[in-house]
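Enquirer: One-letter residues, chain by chain:
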Amino acid sequence: MSTDATLSFEEAMEKYDPVLGFEVHVELNTKTKMFSSAPNVFGDQPNTNVNEVDLGMPGVLPVLNKTAVESSIKIGLALNCKIAEACRFARKNYFYPDTPKNFQTSQYDEPIAYDGYLDIELSDGTVFRVEIERAHMEEDAGKLTHLGGSAGRIQGADYSLVDYNRAGVPLVEIVTKPIEGAGSRAPELAKAYVAAVREIVKNLGVSDAKMERGNVRCDANVSLRPHGRERFGIRSETKNVNSLRAVEHAVRYEIQRHAAVLDSGEPVIQETRHWHEDTRTTTSGRAKSDADDYRYFPEPDLVPVVASRAWVEELRATLPEPPAARRKRLQSDWGYSDLEFRDVVNAGVMDEIEETIAAGATASVARKWWMGEIVGRAKNADVDPGQLGVEPATIVELNKMVEAGKINNKMASEVLDGVLAGEGTPAEIVEKRGLAVVSDDGPLLEAIDAALAAQPDVADKIRGGKVQAIGAIVGGVMKATRGQADAGRVRELILEKLGVNA
Amino acid sequence: MAAINRDDVAHLARLAHIEMSAEELDRMAGELAVIVDAVKSVSEAAGDDVPATSHPIPLSNVFREDVVGHVFTAEQALSGAPDSDSDRFKVPAILDEA
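Protein chains in written order, with this note's numbering: chain A, 1 to 502; chain B, 1001 to 1098.
Please note that a few of the clues may not be correct.
Stated by the list, open to error - Selected chain B positions facing chain A (in silico; Cβ < 7 Å): (1) S1054; (2) S1060; (3) N1061; (4) V1062; (5) V1068; (6) D1087.
As the list claims (entries may be wrong) - Now the stretches of chain B that chain A is said to cover, found in silico as 3 or more residues with beta-carbon under 8 Å: (7) 1012 to 1019; (8) 1070 to 1084.
Hints are computed from structural coordinates only; laboratory data are not their basis. Given the structure is predicted, the values throughout are model-derived calculations rather than measurements. Where a beta carbon is used, it is the ideal one built from N, C-alpha and C, also for glycine.
Could you put together the complete structure from these sequences and hints?
Expert: In structure tokens:
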């Protein structure tokens, strides 16, 4: 694979102004598919959630899922869109084995929702408005696995295997208008926008919203133009950008790549790019060509959807508290400062903290664990914190053991590592690794005597009133007890021993 | 004027992954042109007062409740497939698209 030239992000920003655009596909969590009564379930055995409609057999007729339409209207309303009085479906014709019908049933000239906006809050609190062009209903395609040749890559594959379980799963595609004026914050805005859409559909309860399962998928359009020019540059569309971090990285990479192309005097090629998480680069997919002639025409097998104003208002009345309002409420419930709360939101662990509190932890304990322990581990593992697999119940259990004095914070952190390594429950790991706070004062006093004898100058300082020097002695004791002592008790005993009141 | 020429047919054949000989293209261009012209006569019958429609029956909101119905077994689903492997349809690799 050849590597494309890139400019540094800073240099790209000096020379060019980025314009973004996003197509976000949201899989709805209805019980059945968009046009058939086959179940909409993830992860089942291949080709067991299909019937004649999903397989595009001759003579079958699609029938629209009412719940999917209602979910679509709710998404439109949550994105501040207008809801079409009447709209229809269209056939998007293409020949590829992911659709057995040779067309995807979608919406073309009459989307169910249009002309909306979303106010996106960036990490420093700046609010950026993203205009929504449309949100339309369509169906998902089957899943292809390319085999033979270089494994998993379409280039060089000998054949492909197709599972149609996903074919016909209801989708809502949300399309933004071109996003101008983001400047150097474009990558951050990209991530924040997709996060906001995910949060909205999750909050509405219309999608499971798990990006790692493809419930929310993003295609990111990027183009550059010289500062001050109004006309847009030629864009690339990066597909398969399926985590929040990847959205940010992909937009940043494409900006850097476009800038290098433009600097070399070449035109940017309008094409699809594939995102590669391993190298954090994109590679050329296919150029836009006449293969993109989808010959849309109105779907003759489905009748129009008419959304009466009464129906729309009825659905509007069921909308949950919007995410921005929810954030305000949670911050006040949890008693976090603005800075603490913003850090939590930026780290992407607000939902996780809410779940942990619901499982029985206090707000400060939940924050301590997620921000102090888990976010760092996720960063090292290069995944989103929620994907690390820490269960709220684990945190509650660990915290109980710490509060009961059975283990100290350092041991709790070690136990968490054990849980993540799949060694069992916290209680099992404590048992297996023989972790327990030494609470018998006898061995502690011995270790304290030794530590004081080893650092007589420090002992003198403490006696002389410099109590803050005690850390060195406590450290010595902890080392001697291999971290198994209760540091608070050690401190008490040292002060007692030296006859100092602190 | 014929609405379909030889280039259009060649373009459509390429989109549909159908290989057509020069002879077939010539013949099909002629036949399709006649068919399209015949269908065109419909638009002559419809005046400006007739709105475009995508459906002949004045119906809307034909919905299905979100209740799970029947499914095929993988065996049934694959029974008409030319080739299969591991409960999935086996298809030739298509290299130029993704």
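Enquirer: All hints, please: hold or fail.
Expert: Going through the hints against the structure:
no. : hint         : verdict
1   : S1054        : holds (3 Å)
2   : S1060        : holds (4 Å)
3   : N1061        : holds (6 Å)
4   : V1062        : holds (5 Å)
5   : V1068        : holds (5 Å)
6   : D1087        : holds (4 Å)
7   : 1012 to 1019 : holds (count 4)
8   : 1070 to 1084 : holds (count 7)
Going down the numbered hints, you'll see the structure goes against none, and every one checks out.
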